[in-house]
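Protein sequences, first through last, are from chains A and B. Quick note: the numbering used here has the first sequence finishing at residue 486, numbered continuously throughout. Quick note: the numbering used here has the second sequence finishing at residue 412, numbered continuously throughout.
Derived by calculation from the structure, the hints in this document are not laboratory data. Keep in mind that the hints are not guaranteed to be accurate.
Derived, one-sided and incomplete: chain A residues facing chain B with beta-carbon distance under 7 Å [as the list claims (entries may be wrong)]:
1. Phe24
2. Arg257
3. Thr260
4. Ala290
5. Glu430
6. Val437
7. Leu468
Note that CB positions come from ideal geometry on N, CA and C, so glycine has one too.
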Amino acid sequence: MSTKYRQTCFAYLAVFAVAVSLLFAAGCVRAPSDRTPDGRVIVEYWEKWTGFEGDAMQSVVDDFNRSQDKILVKKLTVSNIDHKMLLATAGGNPPDLAGLWSHNIPVYAEKGALTPLNSLLEEAGITRENYIPVFWDLCKLRGFMWALPTTPASVALHWNKKMFRDAGLDPERPPRSIEEIDRMGEQITLVEVKRNGKKERIRFTQLTPAERESYSFDIITLGYTPSEPGWWNAVWGYWFGGRLWDEDRTITADSPENIAAFTWFQSYTKKYGLNNLRKFGAAFGNFASPQNPFLAGQVAMVVQGVWMYNFIDKYAPELEWAVAPFPSVDPKRWPDVTMVECDVLVIPRGARHVREAFEFMKYVNTQPAMEKLNLGQRKFSALAVTSDDFIRSHPNRYIETFLALARSPNAIPVPRISVYNEYVDEMTVAADRIFNLLATPEEALADVQARMQWKFDRVLRRWDLIKDERLQEWSAVQ
Amino acid sequence: MTRREWREFFTGIGFISPWIVGFLAFVLYPVGASIYYSFCDYDVLTRPVWIGTLNYQDMFTDEVFWKSLRNTLYFAAVSLPFGLVLALLVAVLLNQKVKMRPGFRTIYFLPSLVPVVASAMIWLWILNGRFGLLNYALSFLGVEGPNWLSDENWTKPSIILMSLWGVGGSMVIYLAALQDVPRELYESAEIDGASSWTKFRHITIPMISPVLYFNLIMGIIGSLQVFAQPFIMFGGGGTNRSALFYAVYLYQNAFQYNQMGYACAMAWVLFIIILFLTWLATKGTRKHIYYAGE
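All chains, full assembly: derive it from the sequences and hints.
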């Protein structure tokens, strides 16, 4: 071999060796500096919000950074944040702070991906009394606190006043029971039928029994259907007194209350006809667009969260609308039923600056910052006390309705269960089968029950194996 | 080996070492790890716990697993033959001396250049039950089209229809093979008075049989792994999970339900299924493939 050839080989291998080591180094080494030149600790903060929601949080971050000179919070917008935080934590290089959804807490906490906050909260004097109880409880699991709320949400009935008026109903009076929803929905529903060879547009209530039975009509506008927007499949039972689990080890998908809820759900397919509803549904545009069926005046009533105002404001500012609690099956026994969810801040396990990150969490949970954030995002505050100023300057006229719903004893959180994602998917499949008349509510929910209990048992089996170790570990953080 | 040979051996190894390292780190290690994880309860966050064959046993009782497997096999069984025949048909037509031949070739190949997400979004509108172009076209024939995307009987046909739109890739391979068939074979057949069909059947098909075989194998692998289109169009699987395909269910388990161990086991079962079908296809076609070199 010539010397030159050998030299070439050597150079080649040397370059390659450097490249490989750099590649590995990049994977293992952490960010070189966690301090600004003037000595402030940098807190890395991942958040999911974009647009005006992101701006609202950014201004709170800016306020915090201005308010002191020890910590600098750097907010980074991250899509699919739950997956990315999970992988970053598993890889041992998580951010100091992350904005998740409360339904992530059970999975992440049980798997040791979060830092328990009990001692920090105690030190700071933050207790359940400071909050609307349901939002505090959403952050709690197995006796430990894992998060603090940022932007909470409750859901309520939104109705289109113009469509009420056009159908001869009092536009200011929302339905007050499930029967009223059904009946008023029928009165508002406009259909097209062929009579004597001519197409006629009439109200659903004006159809002859024969026309109803043969479903020989097209839906033009619809008063109400529980299948729109299709987001509440898992929780319809809440309005019928049902729950999804017993808060311990048993799934209760097929409880009589849940079956009653889905029997009601299916009554809509039977009333309006599967093909008619499918055809009508195919005309719906995207949720976040002027073709959203509620915004476009195709559907008169819909259950939506506090965020709906933003979409009305953006895509249908002319819409005449109002908000009221969605009535339960027995309004005397269960008034003001709603489902509540909450966006939260967590400190991932392995975060480098737990104390500094908690300082910011604490700041966000002071009344001024919390109200600024939620005014910016047009939601309400999760704190027990809300200032009159907040209500007065809030652009959503119905913000007090959402707030009152969240404070109601019948405000029910999403289940704090580590198989939540699967549960929602299974309930969606069941709702689909029920809506499409492929199964009775009893059959579909029995399937969910069997499948989810099986899955839940598997998770619990694993939890039982690691429980002692975990609880000890969490207590040691205290 | 002599010293010189050893030296050359190591020099050679040195030169291919980037590939070797890449292969070890990014292929062999993950593949090996996935075998191990398939026997574990593993959720990515905590250390894997050995549970023996429990993941594999669970698959037998998991109805959704079987449903996704049936959906996938149905899709493969229908889309594969249709796709192979259609691609060949188009390739043969485009191999004729027609006007604007390069233009037509481009047009038929174009769909396979459109990003999957974009084409899935387009098809969502084409297949829309109320405003869809397809149902609009059918209305001219006096047929009231179904709700392709929400009727469980039509979700799989929708995906199959869509997959046929992308035959451009295999069409191009056929086209290359068709142009390689020696002219003189056709000429001598013509002298003997062979019809077009006879020429196609007894000259074209045998001469392009290796390419047919190649497209068959790639088709088996591709159609069993179908993911992007159904994932975009039907997300969680559509009405009654009628469009839940194997790879989508695998993804759900791995990344939505934190059941990485189960997902790894599913991946290995899919690998064995594909291996078996490929072996079957190879065995079944061995006698009918002509290689010029042999």
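Hints, verified against the model:
1. Phe24: Holds, because the Cβ-Cβ distance from A/Phe24 to chain B comes to roughly 6 Å (cut-off 7 Å).
2. Arg257: violated, 18 Å
3. Thr260: violated, 20 Å
4. Ala290: Holds: closest Cβ of chain B sits about 4 Å from A/Ala290, inside 7 Å.
5. Glu430: holds, 5 Å
6. Val437: holds, 6 Å
7. Leu468: violated, 12 Å
Consistency with the previously given hints fails for numbers 2, 3 and 7, ordered from lowest to highest.
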